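Asks: Following the hints, put chain B in place on chain A, whose structure we already have.
The primary structure of each chain is shown beneath.
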Amino acid sequence: MIHSTAAEMATKLAAGEISSVELTQQHLDRISVVDGQVHAFLYVDTEGALSQAAAVDAKRVAGEKLSPLAGVPLALKDVLTQKGIPTTCGSKILEGWRPPYDSTIVSKLKSAGIVILGKTNMDEFAMGSSTENSAYGPSHNPWDLTRIPGGSGGGSAASLAAFEAPLAMGTDTGGSIRQPAAVTGTVGVKPTYGGVSRYGLVAFSSSLDQAGPCARTVLDAALLHEAIAGYDPRDSTSINAPVPAVVAAAKKLDVKGMKIGIVKELSGDGYQAGVRSRFDEAIEELVNAGAEIVEVSCPNFEYALAAYYLIAPSEASSNLARFDSMRYGIRVGDDGVRGAEEVMKMTREVGFGKEVKRRIILGTYALSSGYYDAYYGSAQKVRTLITQDFAAAFSKADVLVSPTCPTTAFKIGEKSDDPLGMYLNDIATIPVNMAGIGGMSLPVGLAPEDGLPVGFQIMSPAMKDDLMYQVGGTLEAALLRKWGSPILSNAPALGAN
Amino acid sequence: MALNYDQAIAAYDPTLGLEVHVELNTNSKMFCGCATEFGAEPNTQTCPVCLGLPGSLPAVNGKAIESSILIGLALNCSIAPFSRFARKNYFYPDMPKNFQTSQFDEPICVNGYLDVEIETDEGTKVFRIEIERVHMEEDTGKSLHVGGSTGRIHGAEYSLLDYNRAGIPLVEIVTKIIPNTGKYAPQVARAYVTELRDILRSLGVSDVKMEQGSLRCDANVSLAPAGSGQLGTRSETKNVNSLRSVERAVSGEIERQANRLQNGERIIQETRHFLEESGQTRPGRSKEQAEDYRYFPEPDLVPVAPDAAWIEELRATLPEKPSIRRKRLKIEWAVPDKEMASMVNAELLDTVEETVLLGSDPTKARSWWLGEISRLANEKEVAPTSLITPIQVAEVIALIASGELTDKLARQVVEGVINGEGTPQQVIDARGLKVVSDDSALMVAIEAAIASQPETAERIRGGNIPAAGALIGAVMKATGGQADAAKVRELLLKHLGQG
Numbered sequence: 001m002i003h004s005t006a007a008e009m010a011t012k013l014a015a016g017e018i019s020s021v022e023l024t025q026q027h028l029d030r031i032s033v034v035d036g037q038v039h040a041f042l043y044v045d046t047e048g049a050l051s052q053a054a055a056v057d058a059k060r061v062a063g064e065k066l067s068p069l070a071g072v073p074l075a076l077k078d079v080l081t082q083k084g085i086p087t088t089c090g091s092k093i094l095e096g097w098r099p100p101y102d103s104t105i106v107s108k109l110k111s112a113g114i115v116i117l118g119k120t121n122m123d124e125f126a127m128g129s130s131t132e133n134s135a136y137g138p139s140h141n142p143w144d145l146t147r148i149p150g151g152s153g154g155g156s157a158a159s160l161a162a163f164e165a166p167l168a169m170g171t172d173t174g175g176s177i178r179q180p181a182a183v184t185g186t187v188g189v190k191p192t193y194g195g196v197s198r199y200g201l202v203a204f205s206s207s208l209d210q211a212g213p214c215a216r217t218v219l220d221a222a223l224l225h226e227a228i229a230g231y232d233p234r235d236s237t238s239i240n241a242p243v244p245a246v247v248a249a250a251k252k253l254d255v256k257g258m259k260i261g262i263v264k265e266l267s268g269d270g271y272q273a274g275v276r277s278r279f280d281e282a283i284e285e286l287v288n289a290g291a292e293i294v295e296v297s298c299p300n301f302e303y304a305l306a307a308y309y310l311i312a313p314s315e316a317s318s319n320l321a322r323f324d325s326m327r328y329g330i331r332v333g334d335d336g337v338r339g340a341e342e343v344m345k346m347t348r349e350v351g352f353g354k355e356v357k358r359r360i361i362l363g364t365y366a367l368s369s370g371y372y373d374a375y376y377g378s379a380q381k382v383r384t385l386i387t388q389d390f391a392a393a394f395s396k397a398d399v400l401v402s403p404t405c406p407t408t409a410f411k412i413g414e415k416s417d418d419p420l421g422m423y424l425n426d427i428a429t430i431p432v433n434m435a436g437i438g439g440m441s442l443p444v445g446l447a448p449e450d451g452l453p454v455g456f457q458i459m460s461p462a463m464k465d466d467l468m469y470q471v472g473g474t475l476e477a478a479l480l481r482k483w484g485s486p487i488l489s490n491a492p493a494l495g496a497n
Numbered sequence: 001m002a003l004n005y006d007q008a009i010a011a012y013d014p015t016l017g018l019e020v021h022v023e024l025n026t027n028s029k030m031f032c033g034c035a036t037e038f039g040a041e042p043n044t045q046t047c048p049v050c051l052g053l054p055g056s057l058p059a060v061n062g063k064a065i066e067s068s069i070l071i072g073l074a075l076n077c078s079i080a081p082f083s084r085f086a087r088k089n090y091f092y093p094d095m096p097k098n099f100q101t102s103q104f105d106e107p108i109c110v111n112g113y114l115d116v117e118i119e120t121d122e123g124t125k126v127f128r129i130e131i132e133r134v135h136m137e138e139d140t141g142k143s144l145h146v147g148g149s150t151g152r153i154h155g156a157e158y159s160l161l162d163y164n165r166a167g168i169p170l171v172e173i174v175t176k177i178i179p180n181t182g183k184y185a186p187q188v189a190r191a192y193v194t195e196l197r198d199i200l201r202s203l204g205v206s207d208v209k210m211e212q213g214s215l216r217c218d219a220n221v222s223l224a225p226a227g228s229g230q231l232g233t234r235s236e237t238k239n240v241n242s243l244r245s246v247e248r249a250v251s252g253e254i255e256r257q258a259n260r261l262q263n264g265e266r267i268i269q270e271t272r273h274f275l276e277e278s279g280q281t282r283p284g285r286s287k288e289q290a291e292d293y294r295y296f297p298e299p300d301l302v303p304v305a306p307d308a309a310w311i312e313e314l315r316a317t318l319p320e321k322p323s324i325r326r327k328r329l330k331i332e333w334a335v336p337d338k339e340m341a342s343m344v345n346a347e348l349l350d351t352v353e354e355t356v357l358l359g360s361d362p363t364k365a366r367s368w369w370l371g372e373i374s375r376l377a378n379e380k381e382v383a384p385t386s387l388i389t390p391i392q393v394a395e396v397i398a399l400i401a402s403g404e405l406t407d408k409l410a411r412q413v414v415e416g417v418i419n420g421e422g423t424p425q426q427v428i429d430a431r432g433l434k435v436v437s438d439d440s441a442l443m444v445a446i447e448a449a450i451a452s453q454p455e456t457a458e459r460i461r462g463g464n465i466p467a468a469g470a471l472i473g474a475v476m477k478a479t480g481g482q483a484d485a486a487k488v489r490e491l492l493l494k495h496l497g498q499g
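Chains A and B, in that order, give the protein sequences. Under our numbering, the first residue of the first sequence is numbered 1, with each subsequent residue one higher. Under our numbering, the first residue of the second sequence is numbered 1, with each subsequent residue one higher.
Only chain A is shown next, with the shape it has when bound in the complex:
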C-alpha cells in the first residue's frame, strides 16, 4: 500500500489490517527497486527500520496506546543526527561519522513509533537548490530523472514522489523544504522558527534553519508536524508555547471569509508562464471556496536575497569551523610530521565541496572587522525591514501566497556553473526564513509547457501555522475534486528498466 497517504496507512495499521513490519518491508522493497534511479537515500537502515516496526507491532498487540502515526515509515534528511546511524550532511568531511546522540526530532519520532527507513540525500550542509552539491552525487526527480528534485532536501522530496516513503523530514534555511516539494509535486512545510527543536540539526545558518515535515498531502504533513513540534529546553531558540493545532486546521476544509494576500513582489516577470497560470487558477479555487483576495506589497523583499547571502554564509562560516578533523569525520595528511594546522587545512580542502567553500569564504569576509557593519550589519537591518513588511501585510491578510519557485524543475547540470541563477530559485521562499514565519508549498498542477509540477506557497504569521494548513487543506481538496486523482498519479512509473 505504498501509494496510500500516511493517514490511510495509520488507519490500516490501527485496524490491524497491515503490520508495521509489512508496511516497512514494502517500502524497503520499493527503495531497492527504484532508488538506483532516484538516489534519494544515502543510507538505508533496513535492520533498524524493521526492528523499530516490530517493536511498534508488539506494542499494538499488547494493547498499548500508540501515537497517530505509530508504525508509519519515514525518510530522514541526513542533516539530523540519529544515534549510531551515519550522518554526513551530504559532505565528504563527515564520511563515516556515527553520532552518539539522537536529535530531539529523532527522539520524538522514535517515541511516536514512526519508523525511520534511512537518511536522505541533500546538498552539502544544506547549501544548494538541486542536490547537485551532494558529495555523494545528485538525486533525480521522479517526474523526469534528468531533472533536479530541488534542494537542499531533494532526497526527502524525491523519496515521497517515488513512493519510497510516505513521510520525510526536511530542513529549510532558505527554501530547502518548500522548493523540493514544489518541483516534485509534494507538500513541504517550514514551521515558524522555534516551533520545532533544532537540537541535533547540524547547523548551516542557525538563525534561519528550521526543520519541518515533508509529505504527499497537507494532512500527512500536519500529522508529522504535531509529532515533531514543541518546546525543547535543549534549544534556547525554541518557543515555549503550545503547538498550533495544525491537524485540526488541515481537516477544516473551509476558508470562507479568510483574507488571502497576494504578494505583489513575488509574481510577474521572472516567473515561468505555466507557474503563473497554475498559481492564478489556484487563486480562483480559493475565491470559489469563499476566500477574499487582497494584494499586498512588501517593498523590501527586493533586498531579501542579497541579505540572505550575507547572513547565511556568515553564520555558516562559523558553524562549519568545527569540521577540522580533530574529533570526528575524515582526516587528511596526518602523517605524524605535519602539524595540526596543516592537517586541518588539508582536510578542509578535500572534505568540503565548491559551494560550501564559496559560502565559507563569503561569510568569513562579511564578518571581518572593517566589513562587518557594511555587510552583516546591513543585512540584519534588511531582515528587520522584511519582518516589518510581513507585519504590515498580515495586518491586511490572514495568510500570504505566492508561487513557491519561479520555475519548474530544471535539468541536472543546467545551473551548476551559475551560482546566481541557482540562488534565484529561492527568491520567493527566502523572505519567510528571514522573518522566521511559517511557509508551506503544495502542488497546484503541472505547467502546460513542460508537464512538471508547480508549487504554491502559503505564508502564515509566526506561531499561526494552523492558518496555512487550513488554507492548504482547503485548496488541496478543491484541486483533488477538480483533478479526480492526486497529482502524483501523473508521474511516470519507475523501476521498469
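Because the hints were derived from the structure by calculation, they are not lab data. Hints should not be assumed to be uniformly reliable.
Cross-link-like lysine-lysine pairs, in silico, DSBU-like; alpha carbons within 35 angstroms at most [what the hints assert, rightly or not]:
| # | chain 1 | residue 1 | chain 2 | residue 2 |
| --- | --- | --- | --- | --- |
| 1 | A | LYS83 | B | LYS142 |
| 2 | B | LYS142 | A | LYS92 |
| 3 | B | LYS142 | A | LYS357 |
| 4 | B | LYS63 | A | LYS381 |
| 5 | B | LYS88 | A | LYS345 |
| 6 | B | LYS142 | A | LYS354 |
| 7 | A | LYS381 | B | LYS88 |
| 8 | B | LYS63 | A | LYS464 |
| 9 | B | LYS88 | A | LYS357 |
| 10 | A | LYS83 | B | LYS63 |
| 11 | A | LYS354 | B | LYS88 |
Remember, predicted model here, so these are calculated numbers, not experimental data.
Replies: Same frame as chain A, now just chain B:
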C-alpha cells in the same frame, strides 16, 4: 647602563590594565549539564554540547548568570537589562567548535569600580580602580603538548586534549586603564587582585585558586615619559599564577620596557609569559597584526534579559565587603594588622568568625585555628577546616574557659577529634582526660613533691617564689598533666605559707 626599578619609575609613568578570568564554581558547565569537578580523569566530563558535536546546541546555565550579576553588583557595576552572547571565531584544537561563546559589545555588567588600599611609607593610600566590564564566556579544553622543547604546540611530537575544562563557565573582569599609580603600580595591581579575590570568595561564586587556574590574571603594562600624560604601547603578561607574581610581573615589565625605551627601542604590542623562577617575562604571540575574531551575536542563544526585580533581590543578598568586614573585625577583636593578614592569607577568617560567633574568645579562636590546628593540617597537607569544625573548636575553648581542660589537655582533645575519635566530649571520656581539681588529691601530690625536694620547699618558705616552678612541675608530672597548674600553684604557695 641598565635602569633599575626606581630609575625606571623616575623616567616613566606606568599605566596598568588588568584582566581577571574567574572560573565559576557552578555544579554544571556554562552551556550543558556536564560536571565541573577539578582534576577528573581526562574527557570524562563531556557531552555532545561541550564537545561541540555537529547538531548540538548550547543552553545557558542560570546559576552562571546569577553569579555574574552578583560579581557585577559587588563591583558597583550597572547590570545590563539586555545583554548578548557572541561568537569569537578562531581555530585551535582544544576549542571544540573553533569559536568561543563569549560576550563582545553587549556584556552583562558595565562601568563599576573597586577601591583598594595599599600601605606605603606615606601611610595608607586608596586607589579607585574603574571596571570597564564583566562578561561571561566558556573556557576552552586543555592541551598538553608532548615532546619538543618548549611545551608549545609548535615543535611538539603530539598533543593530548582534555575537554573536561571545555565549557566551564568563566567570568572576565576587565578594568579601564589605571593611570597615576606611579611607583606603586605593582602594589596596586596586587592589591586589586587580592581584593577582587576576597570579594569573589565572599560571594561564594568561585574557588578563586590561582594555582589551579580558577583565578587568572593578565596584566597590561605600558609606559610613557614621566609627566607626558601620553599612553604608550602595552604588553600583556599572562601566566601570572599567584598574588606575588602579579606584583613581580608588573615591576619586571616596567623595568624591561623602561630599558628598551631608554635604548631607543620600541615596545612591541604582544602577549608575554611570566616566568615564575626569574620574575621575567618572555615574548609570546605578537598582537601587531590584530587578530580578527569575526565576532557576531551568537544565534543559538537568546539575549540575557534579567528582570530588574531579580537584580534587586540579588543585591539584597550581597555579603559585607571583605575590606569593610576586615576593618570591623579588626576593631571588634582587637587584632594586630599582621595577625589579621595571616588569618586572611590562611583563608581562615570565616572559620575564626564562626568560632567566635559560637561564643569563643576571638584571641583564643584565632590562636587555635592559626596555631595547633594549622600545624596539624600542614603535616597532613589538608585544609584546617577539613580536620575539625568551628563547633568542636568552640566546645574545646569553652571547656578550657570553665577550667575543665588545661591547654595541654585541650591539645590532646583536638588531636583526638582530628584522629576521628569523636566529639571533644567523647575524646575526653574515652581518653579519661580530666583536670584534677580535687584539692585533697592534689594535696597528696604536693606533699609528696615537698618531701622529695625539701631544699626547694625551704627556699620557697624563705620567699623565693619563682622556685615554686620546680615543685609545680613535679606535681604536674605526678598527675599525668591532668592537674590545673594554676590551682597547684595556689595550693602549694598557701601550704608553704606564701599564699
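Asks: Can you give the numbers of the hints that this structure goes against, from lowest to highest?
Replies: Violated hints: none; all satisfied.
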